[in-house]
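> This is what each chain is made of:
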Amino acid sequence: MTNHFQNIDQIIRENGSQKKNLIPILQAIQKEYNYLPQEALKYLAEKTSITPSEIVGVASFYKQFRMQPAGEHLVKICVGTACHVKGAGLVHDAFRRHFDLPKGTDTDKSGKYTLEKVSCLGCCTLAPVVQVDDITYGHVAPDQVDKVIEDFESRHGEKGTPKVRKADGSAIKGEIRIGLGSCCVASGSGEIEKEVESVVNNSGLRVKLKHVGCVGMCHQVPLVEIVPNEGEPTLYAKVKPEDVKNIIETHFDPPNILSRIKNKLFHFAEEIQTDRNWDGVERYEISMREKPVASFLGNQVPIATEYRGIINPLDIDEYQRRGGFSALKKMFESLSPEAVIEEVKNSGIRGRGGAGFPTGIKWELVRKEKSETKYLICNGDEGDPGAFMDRMLLESYPYRVIEGMIIAAYATGIHQGYFYIRAEYPLAVKRIRKALEICRENNFLGKNIMGTGFDLDLIIYEGAGAFVCGEETALISSIEGSRGFPRIRPPFPAQKGLWGNPTLVNNTETMAQISYILREGFEKFKGIGTDGNYGTKVFALAGKVARGGLIEVPMGVSIRQVVEEIGGGIANGRKFKAVQIGGPSGGCIPAEHADTPINYESLSEMGAMMGSGGLVVLDDTDCMVDMARFFLSFTQDESCGKCTFCRVGTKRMLDILENITSGKGKPGDIEELEKLAEWTKKGSLCGLGKTAPNPVISTLMYFRDEYEAHINGVCPTGKCTELITYSVNDNCIGCTLCAQKCPVEAIPFTPHEKHSIDTEQCIKCDSCRAVCPEDAIDVK
Amino acid sequence: MITLKINNKEVRVEEGTSVMKAAQQVGIEVPNLCWHDELEHFTSCMLCLVKDTRNGKLFPSCSIQAAEHMDVVTDDDEVVEARKTALELLLSEHVGDCEAPCHIACPAHMNIPLMNRLIAAGKFDDALEVVKRDIALPAVLGRICPAPCEGACHRKTVDEAVSICLLKRYVGDEGMEPKIIPAPKTDWKVAVIGAGPAGLSAAYYLQLRGIQVTLFDKAEKAGGQIRTEISEEKLPREVLDKEIETILKTGVDFHGGKTINTEMFRIMQNEFDAFVIATGSVSENAEVFGLNTTPKGIEADRNTYQTSAENVFAIGNALRTSRLAVRSVGQGKEVAFSVWQYLNNQPVKGEPRIFNSRFGKLVNEEFSEYLKESVERKRVFPENMGTDGFSREEAIAEAQRCLHCDCRAIDDCKLRIYSDRYQVDQRRFKTSERRKITKLNTHTSLIYEPQKCIKCGICVRLTEKYGERFGFTYIGRGFDVEIGVPFNEELKQALTETALKVAKGCPTGAIELKQK
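For the protein sequence lines, the chains are C and P, in the order given. Position 664 (the first sequence) corresponds to 664 in UniProt numbering; numbering is contiguous. Position 416 (the second sequence) corresponds to 416 in UniProt numbering; numbering is contiguous.
Treat the hints with caution; some may be incorrect.
Under the rule of at most 20 Å between Cα atoms (straight-line distance), these lysine to any residue pairs were calculated in the SDA-like manner [claimed, not checked]: (1) K690(C) / K57(P); (2) K496(C) / H41(P); (3) K675(C) / K84(P); (4) K51(P) / P490(C).
Please keep in mind that the hints were generated in silico from the structure rather than gathered at the bench.
Could you put together the complete structure from these sequences and hints?
In structure tokens:
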């Protein structure tokens, strides 16, 4: 190990040697070794003032850190909400079988692959999603696991050769826009980009290749938009590299192969949710005038996502051309800090992190604090397993968020700020880092901003994997280099926050809406939405809806409008059952209450919560007890363990739910669960524990009969594996597909005869039902 | 200064005082586990929840400062239920026994593990003193008791139960009778009717309380059924006589050969302040001294033994026929307490049975952990089985086999005290398998039992405050969080200067001094 210590010395030199540097140091060590070797940590304790207790306490708190070496490749299986409802659990089991992992082990015998469950990869519309190193596979079915690994092995090691652009001096004929949001990248837009470059280079075409952020239509990724100088722009969805040449030639060269694409002319694929589109060859051309697209976009009001699909995330000139930083200029020219606060207060904007505290009042509180040192924190620790709007905003509109932060800092008298960004969002970190650099170069940050004498420095702090750090006091502990333990409030961070100084913590989405308010005036912002709930809210729409994606809607829009008009209703002709709003802190609102307007108060009244903005649509095949168990298992896993009600209460609730969903429920369990939910809510220290019971409480409120059915040994939707059995009905034609797919040989190979399932052998992986062409597999 | 209201009392405190401290200032105790006077508030256990009457919300009083116009309630039904629930949640992950299973199983509730340790240390006189706190006839019972304690012994799961009964016999035979420090003499006079094991025991413990006992028996000699029903070979009469003698020597006025009939009993009312009926089995539906009876015997309260006449108590086979002498002996001790309460005009509640945490059966993986505090040795049998007892060496060797199942914090565990106070049900949240018990005992003066830990963090914060090089730390998070030593260092590395302070600070029995 001795030879490694030089690296550690280097890491200490680069990151500092105080407690506040601990998390970045550990991140650097893990980057170096792929885990945290104990010897390295001991050396760290010797060389710095950081104690062994602090090092071990922090290293074992955050999910990102590994104490054991991982395999060469990391297989991340997303078990976020959207993936869960689409069967991620079965996919996970299939991977475990594929790698033959005994219980308690996550790395295969060869040490090549390590399996990891992750809460959300932020590609909810491609659910279920699996990421192998940096290649993302969407719509993975349990029986496709072998193919995924096969595909990965064939692609892994490929390196694109750098391409040099040919310049022939002719005029630029148009623009090719490629979405580079995480969903797009996950679905392969990087390769599309390479392919576009290659086609363009080889053909000598003069077109502008433009990176744009998230378009929001995540259900159609990867997206390529062709914008010729003359004529209508055309948007292509689900583009594959081999299509690129045709697409480009269609628009920029004499038309030739056009027909092949046109034959497949756009018909919006409502069935997309079951498509295995990385496997299939589906490709559609979208016209922005077609009704579904108009419907998807029509009801939306982009404020935080203004110019989506148009603006290049890092092009500061374009940002300014499109009105960026004009709020800043207006502020520096004509508004006092008090006037800014007044404007924000008048706009009525409330924190978009979920709780909905009026932003202007928070700013005023911080402004009033006399302290010399105050801090600003942009909370980008989005941890809801079914939401990714903060990530999208940071990736696609970095300048807009920065502009909001500068305004907030000016209004409250702050000169130093942090971007707290989840470590799971590497692209967001990269973009913000670059954007900060460019802002400094352009004097939007640093000393004497825009010659006004106002100073502000912003730096990035990467989270290390802890949902609880979305809670502001836990987030502060984390920046201080401690375990993410929340603290009791009062004192509020506005009075005593980071290192005891007044601290303003605002959510990313809030920050992204600020510049609009100043630029357009508070009246205009207040003109959107309904009483007490003004402006817009960004949601990650996913689940069983036909068209998922990131949407920004005015406050007060009804759930029905979102699901039916924007989302295009339920996919596959199933029945709309409920929406889960607000993720682990939120609740399930049943279809009969779909006319509930989306605002802070009405959602709370219905037992849900605005929360982080995850909006997962459920259909009649979704088990509500399983949903409650899913969220409880998430919050229980993410509980920091500090207070009794959350640490033990969530665990006992989960125990009861697991008993109920596995057929071990008994009379009295529902009542005890209810009691415990009530006490966990009342007695927990922080927001995580106080809201953790919501998914249970709301499902008990609307779907109590399903709980009772489970107690009686029946899962009405057939989701809970321990309560169901698979059997073959008379539709069977003896095609043997099921027998071929069965991973445990529970179905004898009997061609032309009705198949049968050995229920003793059956592991309920659902492969047979998925493959059966005749609907001959019954689940009861 | 700040003025607030706590339980409708006006309280004036310095600014910055926590609500919990403010309550203490006016004598209102708020329970807490994670609070430590040398440390900042931490807000973990949530036992100190109180209610803000202005908004009806509960808040942890250790962590919130008293503020002007606050109006707080510390003990209404909701607050009590909150505390009870918190305790039940903590107990659901608190894997440990307070009293050892043998101690609980013993009908006389004798502190067996303590006796064993004293025997193992060769302190037989001290051991006898411990035995006689609960059992007035140890040498006798040591020969005739069917030993329900051994049935509950954790060692039984490992190999064979500790030979508790013979150990008791050994100290009964060999231990020096403890010097009785006489309690201040009272003027009370109590008649005990029946001088069998129950009556003898009652007489003994009443005498120790300074109460003059007159003991009647229809037979000439005291002893009741143990004199008449048990063979000389099993119970030599000199052993019986010697122990009876010891009891009578406390000043009991014994009247042998005297049968008390109803008429005499009525007359005796003038002479005695209270009565203990220990006459042995009552024939079916017999009328006894005008007391209410059941088909089994005299009707009496299960805990206090008080009968339908408030100054009359009944114990032993007079309640219900049983072959278990140790039960009668135990009841004799317990009734003395009830009688004492009655005579002192206190509410008659009987001997308090305080809450006991219990985890159930020991499992395979735990044998080695429990053996850390014991010896690997087969059960010792006396040379001549049946009649002989242990030799000194055998007794010591056998006593060493005891696993020390009782908790060292048994008398000062805050978790236990509050669990008792709030009458909690440890089994309420028994929703999944319990954790496996481990014991870390490599430290010279401390033992650490992580599964008893309630994660209050006092030890972590104390070792940090006092600059321990390694100290304790949290490892992991959520329900699976554990308190441990960083880098898997030994306990002795973690706790050097702070060992005593940490052991004292632990609100439960997770970290304790080995010798207390």
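> Each hint: holds or not?
Right, here's what the structure says about each hint:
1. K690(C) / K57(P): holds (13 Å)
2. K496(C) / H41(P): holds (16 Å)
3. K675(C) / K84(P): Given that 20 Å is the threshold and the Cα spacing comes to 13 Å, the pair holds.
4. K51(P) / P490(C): Distance of about 16 Å is within 20 Å: holds.
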